[in-house]
Every structure is written in C-alpha cells, then in structure tokens.
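Colleague: All chains should be built: construct the whole structure from the sequences, respecting the hints.
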Amino acid sequence: MPPRTRYDTISEIAKRRGFFWPSFEIYGGMSGYVTYGDLGTKLKRSIEALWKEYFVRKQGFLELDDPIINPERVFEASGHLENFKEYSAECTQCGRSFRADHLVEEKTGMENVEAMGGEAIKHLMLEHRIRCPNCGGELKEPVLFLPMFKTEIGATGGEVGYARPETAQAMFLNYKRGYQHAREKLPFAVAQSSKVMRNEISPRRGAIRVREFTIMELELFFDPQDPGCPWFREVENVVIKLSTEEMEAKEVKELLETSIGEAVEDGLILTEWQGYFMGVSQRFITALGMPPEKQRFRAHLPDERAHYSAQTYDHEVLFETWGWIEISGCAYRTDFDLRNHMEASGVDMTVLREDGTRYVPHVVEPSYGLDRLFLSVLEATYERKQKRNILHLPRELAPYQVAVFPLVTKDGLPEKAREVHDLLLDKGFWVVYDEAGSIGRRYARADEIGVPLAVAVDYDTLKNDVLTIRDRDTWKQVSLSLAELPGVLEAYFKGEKDFLDLGTLVIRG
RNA sequence: GCGACUGUAGUCUAGAGGUAUGAUUUCUGCCUGCCACGCAGACGGCCCGGGUUCGAUUCCCGGCAGUCGCACCA
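Here my numbering is used: the first residue of the first sequence is 1, the next is one more, and so on.
By construction, these hints were calculated from the structure, which means they are not laboratory data.
In silico lysine-lysine, DSSO-like type, Cα no more than 30 Å apart, as pairs: (1) 494 / 385; (2) 42 / 387; (3) 410 / 476; (4) 241 / 58; (5) 253 / 241; (6) 140 / 107; (7) 42 / 385; (8) 427 / 494; (9) 122 / 107; (10) 253 / 294; (11) 122 / 140; (12) 195 / 42; (13) 85 / 250; (14) 476 / 387; (15) 494 / 52; (16) 497 / 476; (17) 58 / 195; (18) 410 / 427; (19) 42 / 15; (20) 294 / 195; (21) 15 / 294; (22) 42 / 294; (23) 387 / 15; (24) 140 / 150; (25) 176 / 52; (26) 42 / 476; (27) 195 / 150; (28) 52 / 15; (29) 385 / 476; (30) 176 / 58; (31) 85 / 195; (32) 410 / 463; (33) 58 / 185; (34) 85 / 122.
In this text, all values refer to a predicted model and were calculated from it rather than measured experimentally.
Modeller: Right, dumping it as structure tokens:
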C-alpha cells in the first residue's frame, strides 16, 4: 500500500469530524461530488465572507445572484458551445484516447484545428492517415465531448438549457443593470459567489476536481483608454513570485520575485487592474493561513488560455501531496464577452466618453474556486503535534469560536459551565460545550476542529467568578473575570486584541 | 475513458473458503484540580450484483468507489 499522505490524514479528519465526505455514500458514491458537513459548511461560508471583505466590501463593488441553468443562446454568444468542447479519438488497439484536433495539428502543422469543426477533423484524420501515437493502431472516429451539463427547460422540452460552467456570463448578461446601478460610472465591478457545473471526464484528487463547485468571481469593467486602478498604490509593494508567459514558454524553473508595481511597469502584467487583484489575492490567500512562500502566479501560454483571454495568471498554492494547485485565475478578458453578447442580443452595451466617442468596456476577472480554497485552508493549517491533530484556523474562519469546559464533572462545575456557555451564546458567539472525558481530551477534541479558544470553569469560578481561557496554538492560559469575558472575546475575534491581552497569564505546575 | 493497485465497525487496521482481529472514536458508570490518564461496560463492520461451492466477506466475472500513470482540466 502506498504511504499515507497529508491529504489522507486531512480527509480522514474531514470525514470523522464533519468537514466533508464523498456524496451519495449510501448508494455507493459518485466520483466528482463532495458533501460538506456542519464544520465544512461553516468554514466555507466564512471563507466566502473573507473573500467579500477583500474583494467586494472595501471597493464598494456590487453583488449578483443569477440562475445556474441558462438557455442555449447564452452559450452560443459566449463562445462556450464553439470552444468549450473537444474531439477525442480512441485507439481500437490499446484503448487510449487522444485529442483528435491535436493529432491533426501535430501531423500537418496546422493551427487551431478545433475551430474547424468535427466533420473537417474527421476528414483530415482520414486524409493524413493518422494512427495511434502510442501503438500505431487504428483510431475510432473522433467523438465530440462537451463538458457542460445539458437539460431541457419547461414541460414541453422545447428549450435546451445548460448548467453554466462559470458564473462570469451572468455579469455580462446583466451588464446594463450593473452599469445603471453603478450610476453609469466606470470602473465598476459585479461579484458573484455561486455554484457552477462541469461534466469532468475523470474527477480526481478528492475535492480538487469536482463536477459541481462554487466559484467566487468578479468582473471589473473599465475603459481601455483609462486603465488605471485607483487603489493600485495599496498593492504596488506587495512582493509576489511570478512565472511569466515567456518563462513558461522557455520552461524556466526558477520563479521571478518581484513587486506588483515593477511587474506592471515591466509589462509582465498587462493592466493595473490585474496587478491590483493579484496583490489583493496574495494578501487574501495569506490571510487564509497559506504563507507567501507557498504561493506563486503562473501565466497561461496561449494554447492553455481560454478562448476569451488575452492574459491569464493562475494563482497557485503548494500542497504537500500534489504540488502546485491552481486556486484562482486572474484573466484579462478584454471586450470579448460584452462584444459577443452585444452582437448576439442586439443590445447596445457601449459607454459614452466625455469626448463623445463610444467604447465597449474591457474586463479583468479574478476568479476563485471556493472548494479549492477550502482544501488550501486545511492544508495550510493542519499540524500533527504530540500525537494530536491541530487545525490552526485563522480566528475569523473558525466554525466554532469558543469551547466551554468544566474542569471536572462534579461539585456544581458543569452547571456553572453551562451558564457560561449560555451567556456566550446570548452574546452571539459560536460555542461548543463539552464535559465528556478528561479536560485534556476535550482540549484535544476542540483543537482538531480548530476552535481557537477554550474557556475552563474551575473552583475559582465558583468562588469568585474567575475563569481561564486557553489558546489553541500555544496552549497558554490567561485568567480573567466572567464579567470581562464577552467583551474581551469580542475584541479578540475582531482582531483588536491578541491572546495574551485577554487576561493574566497563568503559570501551572 | 484506458491500465496497474486497492475496498473489512464512525476512523485506522489483522485475517481466513465455515460470518471476523486489534486499536481508536462515540455512549454509560467510576475516576479525574488543566492537555487524547486509568478502570469497567455498551453500541457498531466484511462496497454492490452475479458465478463457482454444501457454504463466499475470502476464489472468479461485472459494477461502483479510491490512489497512481496516460489522456483531459476553457
């Protein structure tokens, strides 16, 4: 058996404690789907809330919530029906599959064969007698694979619909509303966190590649003649590690360490807006617990890029088990989408400049896979210490904020601890109460799900309302009075106080 | 989708053609004056379907699922 990986351990805890597990378990499971439990749901929501802090609230950007199933013409206009598909040809001998258009390109030197369509590809394969590159066997006719879920809308089934593979189209479809609600001023942005679906051929790596997941993305609309970002100065000194398109093409292994400001100045990042979002992204991911040295930005080569993109930088984080994993893409989509929807719908989406000229806004899009961020948080914060599992979740992400324990289960301590528990619930905290087993075991149970603070009720509490708070990360304890407790906890979770400021340090033993 | 390996309590495991080992978790007592203490007890399992067999969780075939490799990942 292969050795146990960090991901094995994390997914074992995830199942056992209720972060996430494979969906449809009782019917044998279905790959590509995961279900989030109590802890997982809460953690996911708090990651989303933090994303909103970094990408929506402070900039005054707008939000949107749009349907998952879209009529076919949306994806005709967006180019997905044309581009988001592939032709695969299977070998009759060895059974391997290959992309038919790529085989034709290799043999003939032609480019963008995919766009020629299925019939043309079939003819070219026959014409050039293309055989299996693996074993030389005969290839079957190429079959079209469209990784979008197709359905019918309405009882008569007359209207074909697809589940969206990205949320971005919603921001383009509703562009005119957003423009109106932004009081017809550019730049503005519309953000959405919602589910999308992709019919992956072979989902892998647990929750890393699934068929249904949450995307958090925003579309920033700007005038290409006025491409400055008003907040660029806030991030220009953020240092990132970069692999540029040129470096990717030359397969340079080392990363370029540079500031956002320099990278934009040197033309490595095409627009200030991309630079801005990449800088914010680095800060956001760091706030999730992933240190900067485990982050990098990697440019897409033209053939890797989406059909709409002029430049894309993936933000990647380092997983012990898998290496670098993409958690975000920051794409310069130009005016591709608005232009296509304008043409297809006949609706004018241009903006009038002061000099009387009109233009179609350009778009920069930072886009996150929430489920991958979720795994990144577990990856970044999990620690095995003295045979115990500890999740060093940032305090603003922790599903439960405070655990309350009686020191021992006698002499009225449980009753007193219940009172403290109820008080904290009334004050709005997420609290767990635990009196099973020894207090050490309860600390361990709370550590495993990342509860940052544990309040212990002991004989001093009975005597004079003094209790202790124990820190998950250092195991240090401070003491304070019950009356102070709600106030200092609030300050702690707002980030206004550090643990040692919460009370008087207790030295035991 | 193809190939290799794998599938046993909630979790992690041992094992054999005659329904199964151990640990841990959980629960109940006792204990416990601060880091998974100890004692006693309880709950709980052979992925699904077919075949061979007196008998299959074990062998064979298929499915489903997992890991890895190939392909794919806008």
